[in-house]
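Number of protein chains: 2
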Amino acid sequence: MVRMNIHIVYAHPHRASFNAALRDEAVGTLEGLGHTVTVSDLYAMNWKAVADFDDFGPTENEHFMAATAEAWEKGTLASDIKAEQERLLAADAVILQFPLWWFTVPAIMKGWMDRVFTHGFGYGSSRTWKRYGDGVLAGKRAMIVVTTGAADAHLSDRGVNGDINDLLFPIQHGVLFYTGMQVLPPTVITGAGWQSDYADTVKQLKERLETLAETEPIAYRRQTDDYDEHKRLKPGLEPEGTTGFALHTA
Amino acid sequence: MVRMNIHIVYAHPHRASFNAALRDEAVGTLEGLGHTVTVSDLYAMNWKAVADFDDFGPTENEHFMAATAEAWEKGTLASDIKAEQERLLAADAVILQFPLWWFTVPAIMKGWMDRVFTHGFGYGSSRTWKRYGDGVLAGKRAMIVVTTGAADAHLSDRGVNGDINDLLFPIQHGVLFYTGMQVLPPTVITGAGWQSDYADTVKQLKERLETLAETEPIAYRRQTDDYDEHKRLKPGLEPEGTTGFALHTA
Numbered sequence: 003m004v005r006m007n008i009h010i011v012y013a014h015p016h017r018a019s020f021n022a023a024l025r026d027e028a029v030g031t032l033e034g035l036g037h038t039v040t041v042s043d044l045y046a047m048n049w050k051a052v053a054d055f056d057d058f059g060p061t062e063n064e065h066f067m068a069a070t071a072e073a074w075e076k077g078t079l080a081s082d083i084k085a086e087q088e089r090l091l092a093a094d095a096v097i098l099q100f101p102l103w104w105f106t107v108p109a110i111m112k113g114w115m116d117r118v119f120t121h122g123f124g125y126g127s128s129r130t131w132k133r134y135g136d137g138v139l140a141g142k143r144a145m146i147v148v149t150t151g152a153a154d155a156h157l158s159d160r161g162v163n164g165d166i167n168d169l170l171f172p173i174q175h176g177v178l179f180y181t182g183m184q185v186l187p188p189t190v191i192t193g194a195g196w197q198s199d200y201a202d203t204v205k206q207l208k209e210r211l212e213t214l215a216e217t218e219p220i221a222y223r224r225q226t227d228d229y230d231e232h233k234r235l236k237p238g239l240e241p242e243g244t245t246g247f248a249l250h251t252a
Numbered sequence: 003m004v005r006m007n008i009h010i011v012y013a014h015p016h017r018a019s020f021n022a023a024l025r026d027e028a029v030g031t032l033e034g035l036g037h038t039v040t041v042s043d044l045y046a047m048n049w050k051a052v053a054d055f056d057d058f059g060p061t062e063n064e065h066f067m068a069a070t071a072e073a074w075e076k077g078t079l080a081s082d083i084k085a086e087q088e089r090l091l092a093a094d095a096v097i098l099q100f101p102l103w104w105f106t107v108p109a110i111m112k113g114w115m116d117r118v119f120t121h122g123f124g125y126g127s128s129r130t131w132k133r134y135g136d137g138v139l140a141g142k143r144a145m146i147v148v149t150t151g152a153a154d155a156h157l158s159d160r161g162v163n164g165d166i167n168d169l170l171f172p173i174q175h176g177v178l179f180y181t182g183m184q185v186l187p188p189t190v191i192t193g194a195g196w197q198s199d200y201a202d203t204v205k206q207l208k209e210r211l212e213t214l215a216e217t218e219p220i221a222y223r224r225q226t227d228d229y230d231e232h233k234r235l236k237p238g239l240e241p242e243g244t245t246g247f248a249l250h251t252a
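Chains as they are written, first to last, in our numbering: chain A, 3 to 252; chain B, 3 to 252.
No lab work stands behind these hints, which were simulated from the structure alone. Keep in mind that this is a model prediction, so the values were computed, not measured. Careful, some of the hints might be misleading.
Put simply, identical chains are the same to the list, so a pair is met inside one copy or across any two.
[What the hints assert, rightly or not] Derived EDC-like pairs (lysine to aspartate or glutamate); straight-line CA-CA distance at most 20 angstroms:
#	residue 1	residue 2
1	236	159
2	233	154
3	233	159
4	236	154
5	50	82
6	84	72
7	76	62
I would like the entire structure built from these sequences, with the hints used as guidance.
Following this line, the structure appears as structure tokens:
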């Protein structure tokens with residue numbers, strides 16, 4: 003049994019929601035397995051969603067990204083940002099739990115990404131910046147737990163909303179894998195609030211949490227391995243006819 | 003010449019940024035063409051990004067979506083939400099302008115979507131809710147203007163970040179088309195801040211704005227036409243071998 007530090011980032015506006023119950027089940031399950039769990043409950047923390055110049059110490063820098071970089075280098079980032087960066091660095095696995103709002107995270111969780119993954123920590127402007135399979139969070143695991151009122155079929159391969167795996171690509175590939183994490187297939191709870199059975203949902207979630215250390219990550223392609231000098235996928239690596247996000251999974 | 007009401011929703015933290023200059027060029031160009039332009043500058047307005055119970059009048063409703071629905075029906079939504087809904091209803095075209103942060107909109111603009119497109123306005127829970135090509139904003143046009151420091155190749159068909167058109171799908175299809183708007187191809191300004199030439203960028207933007215009324219929208223499939231009773235794309239409508247988001251464009 004691998005004992006891990008697991009950081010859960012959680013967002014839901016209602017303290018006694020279906021989501022809150024699932025979060026408590028998750029914490030109980032993980033602690034029961036011997037893991038150490040930290041939770042950032044963004045609504046309860048009144049997390050500041052909007053990235054702005056107040057996130058930095060005094061700066062002469064008017065260019066926003068440059069000011070971010072400066073604050074990172076000088077250690078003058080806001081204390082809530084620093085605390086989250088430290089929790090991420092201390093974690094072996096990161097879980098993002100949220101309700102799907104307009105096919106992505108609620109704004110408060112987008113603001114967690116915008117503010118925590120600063121220049122210097124999450125990304126850089128050099129051509130040699132390590133990303134996509136490598137980076138500050140390399141070696142850690144990540145998993146999304148998402149609830150949605152939409153039915154399963156609506157988010158399936160031919161579903162009108164688009165395939166949930168493609169809808170989550172900008173987060174799973176563009177944020178979690180970008181910063182080095184190995185991304186596990188998401189735990190998707192559809193029909194939340196009308197179609198899902200609570201006991202079944204908890205069972206599904208527990209199974210995923212119990213296998214967190216062993217589950218095979220999504221086989222996103224590493225930038226250093228599969229892309230050319232223009233950061234384009236090298237020819238011939240994919241099955242013939244592959245298009246779209248599928249190109250980026252081996 | 004079609005004279006239109008055009009609503010620009012704009013987000014950038016720096017008042018004198020490259021983005022701000024482009025926004026001013028856009029307003030000048032559109033007004034010069036005889037259009038009427040409104041701008042919601044989300045940072046300047048100190049737009050509230052986080053959807054929560056403060057968005058509603060007094061309610062006994064603890065379920066967040068139900069409380070949203072109630073506030074819409076009773077007319078007790080926060081005044082900033084109502085004002086944006088009215089601007090959208092008054093518009094013939096809507097432009098969202100933002101820097102690409104973690105492959106989507108900054109949190110403040112996600113919060114604009116979360117809060118303005120309430121239950122009853124943007125979406126509903128009935129099975130017959132009109133969406134994807136029909137809805138409250140049917141007949142209007144929409145266009146994204148997005149800047150990014152990434153190079154063109156990195157966001158191209160085989161680019162390591164994913165194709166920009168796929169990355170924008172959750173917004174273009176899942177928000178703009180969902181609520182009924184006809185979505186024009188995005189204006190994508192790559193290499194912003196290092197590779198892009200300002201005069202060229204302005205020229206590119208002006209051409210898109212001058213043809214706003216005539217440009218052919220993205221041929222997203224209407225839900226009522228192309229999907230079955232399970233909201234899955236009817237068989238045989240797509241070229242053989244099509245997968246991913248490409249399924250949802252005719």
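Comparing the hints with the structure gives:
1. Proximity of residue 236 to residue 159 under the C-alpha cut-off of 20 angstroms is restricted to the inter-copy arrangement: shortest distance 12 angstroms between copies versus 26 angstroms within a copy.
2. For the identical chains of this complex, residue 233 and residue 154 are inter-copy neighbours only, at 10 angstroms across copies versus 35 angstroms inside a copy, given an alpha-carbon limit of 20 angstroms.
3. Taking the closest pair of Cα atoms, residue 233 and residue 159 come within 20 angstroms of each other only across two copies (11 angstroms); inside a single copy the shortest separation is 28 angstroms, beyond that limit.
4. Proximity of residue 236 to residue 154 under the C-alpha cut-off of 20 angstroms is restricted to the inter-copy arrangement: shortest distance 16 angstroms between copies versus 34 angstroms within a copy.
5. Taking the shortest alpha-carbon separations for residue 50 and residue 82, both the intra-copy value of 9 angstroms and the inter-copy value of 19 angstroms come in at or below 20 angstroms.
6. Taking identical chains as interchangeable, the C-alpha atoms of residue 84 and residue 72 lie at most 20 angstroms apart only when both belong to the same chain, with a minimum of 14 angstroms there against 39 angstroms between chains.
7. Proximity of residue 76 and residue 62 under a CA criterion of 20 angstroms is satisfied intra-copy only: 13 angstroms inside one chain copy versus 48 angstroms between copies.
Against the hints set out earlier in the document, no violation occurs for any number.
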